[in-house]
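Protein chains in written order, with this note's numbering: chain A, 1 to 113; chain B, 1001 to 1114.
A portion of the hints provided could be inaccurate.
What the hints assert, rightly or not - Derived Cβ-Cβ restraints for the label pairs, each shown as a range:
1. A:18 to B:1051: 21 to 31 Å
2. B:1014 to A:66: 27 to 37 Å
3. B:1083 to A:79: 38 to 48 Å
4. A:7 to B:1060: 20 to 30 Å
5. B:1063 to A:30: 31 to 41 Å
6. A:52 to B:1110: 31 to 41 Å
As the list claims (entries may be wrong) - Below, simulated EDC-like cross-link-like pairs (lysine to aspartate or glutamate); rule was C-alpha separation at most 20 Å, straight line:
7. A:49 to B:1038
8. A:61 to B:1030
9. A:108 to B:1059
10. A:108 to B:1054
11. A:100 to B:1101
12. A:100 to B:1054
13. A:108 to A:20
14. A:100 to B:1015
15. A:108 to A:85
16. A:49 to A:15
Said to hold, decoys possible - Listed next, the stretches of chain B that the computed footprint assigns to chain A, with coverage defined by at least 3 CB atoms under 8 Å from CB atoms of chain A:
17. 1033 to 1043
18. 1063 to 1069
These are calculated hints, taken from the structure and not from any lab test. Every residue, glycine too, gets a C-beta built ideally from N, C-alpha and C.
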Amino acid sequence: AQSVTQPDIHITVSEGASLELRCNYSYGATPYLFWYVQSPGQGLQLLLKYFSGDTLVQGIKGFEAEFKRSQSSFNLRKPSVHWSDAAEYFCAVGAGGYQKVTFGTGTKLQVIP
Amino acid sequence: DGGITQSPKYLFRKEGQNVTLSCEQNLNHDAMYWYRQDPGQGLRLIYYSQIVNDFQKGDIAEGYSVSREKKESFPLTVTSAQKNPTAFYLCASSPPGGGRDTQYFGPGTRLTVL
């Protein structure tokens, strides 16, 4: 079975600073990897996903993520954070076929002026 | 607009009562899911359904029940057997394919047991 770890529970960055959220996964084959964002009291929205091909994936809202097989990582990055990026971010890993997706425990991002 | 609706947004229940959370989608997706979200624990899968009239238990199905009589609807019943039901509940749907497909989430229902 697959698993995913988000080691940072809470991160604070200044507006305009760069951001990197960490995600490590465990799965025997090439996984399907996702990053979702959740605003307070809301559902989750997909930011980006990786299935195969180019290991640098571009998403919405200026986010990108890089798949590194050797490190079993799929870290999310943004060059310049905006106050509206304050939210909780979830990394998720899926396997092939009809196997379910497993979500990480989330990283809550706080943006300070 | 296509999407997923969940109702009610807030739900209060007395101990010992069963309650049903509604989830409806008009995305024509075959698969639907129920998750429970608690602070610091991420999303945990309760039940999922890949097709009408079929569903499977997730990681924390005890104390919950579901039905899938229509493609558009996947209601979740929180029974009195669920020992700690206060949580935020999220419904999602996806095209068939399970682990490779994007899941689309509803806005959630916050259940509080009084």
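Exercise. Taking the CB of residue 52 (chain A) and the CB of residue 1110 (chain B), does the distance hold inside 31 to 41 Å?
Worked result: Between residue 52 (chain A) and residue 1110 (chain B), where Cβ atoms are some 38 Å apart, the hint holds.
Problem set entry | Check of the stretch 1063 to 1069 of chain B against chain A for coverage (Cβ-Cβ below 8 Å, three residues minimum) | Violated, because only 0 residues of the stretch 1063 to 1069 of chain B bring their Cβ atoms closer than 8 Å to Cβ atoms of chain A.
Exercise. Does the alpha-carbon distance linking residue 108 (chain A) and residue 1054 (chain B) stay inside the 20 Å limit?
Worked result: 35 Å, violated
Exercise. Do the alpha carbons of residue 108 (chain A) and residue 1059 (chain B) lie within 20 Å of each other, as the hint requires?
Worked result: Violated. Residue 108 (chain A) to residue 1059 (chain B) sits at ~24 Å, over the 20 Å cutoff.
Exercise. Taking only the CA atoms, is the gap from residue 49 (chain A) to residue 15 (chain A) under or equal to 20 Å?
Worked result: 25 Å, violated
Exercise. Is residue 100 (chain A) within 20 Å of residue 1015 (chain B), Cα to Cα?
Worked result: 31 Å, violated
Problem set entry | residue 1014 (chain B) versus residue 66 (chain A) beta-carbon gap, inside 27 to 37 Å or not | For residue 1014 (chain B) and residue 66 (chain A) the Cβ distance comes to about 49 Å; the hint is violated.
Exercise. Would the pair residue 61 (chain A) and residue 1030 (chain B) pass a check requiring their Cα atoms to be no farther apart than 20 Å?
Worked result: 28 Å, violated
Problem set entry | Distance restraint evaluation - residue 1083 (chain B), residue 79 (chain A), Cβ atoms, bounds 38 to 48 Å | With a Cβ separation near 46 Å, residue 1083 (chain B) and residue 79 (chain A) satisfy 38 to 48 Å, so the hint holds.
Problem set entry | chain A covers the stretch 1033 to 1043 of chain B, three or more CB atoms within 8 Å, holds or violated | n = 6 at 8 Å, threshold three: holds.
Exercise. So the hint says 21 to 31 Å: do the beta-carbon atoms of residue 18 (chain A) and residue 1051 (chain B) match that?
Worked result: 44 Å, violated
Exercise. Is residue 100 (chain A) close enough to residue 1101 (chain B), meaning Cα to Cα at most 20 Å?
Worked result: This hinted pair holds, its Cα atoms lying about 10 Å apart.
Checked against the numbered hints listed earlier, the structure breaks hints 1, 2, 7, 8, 9, 10, 14, 16 and 18; every other hint is satisfied.
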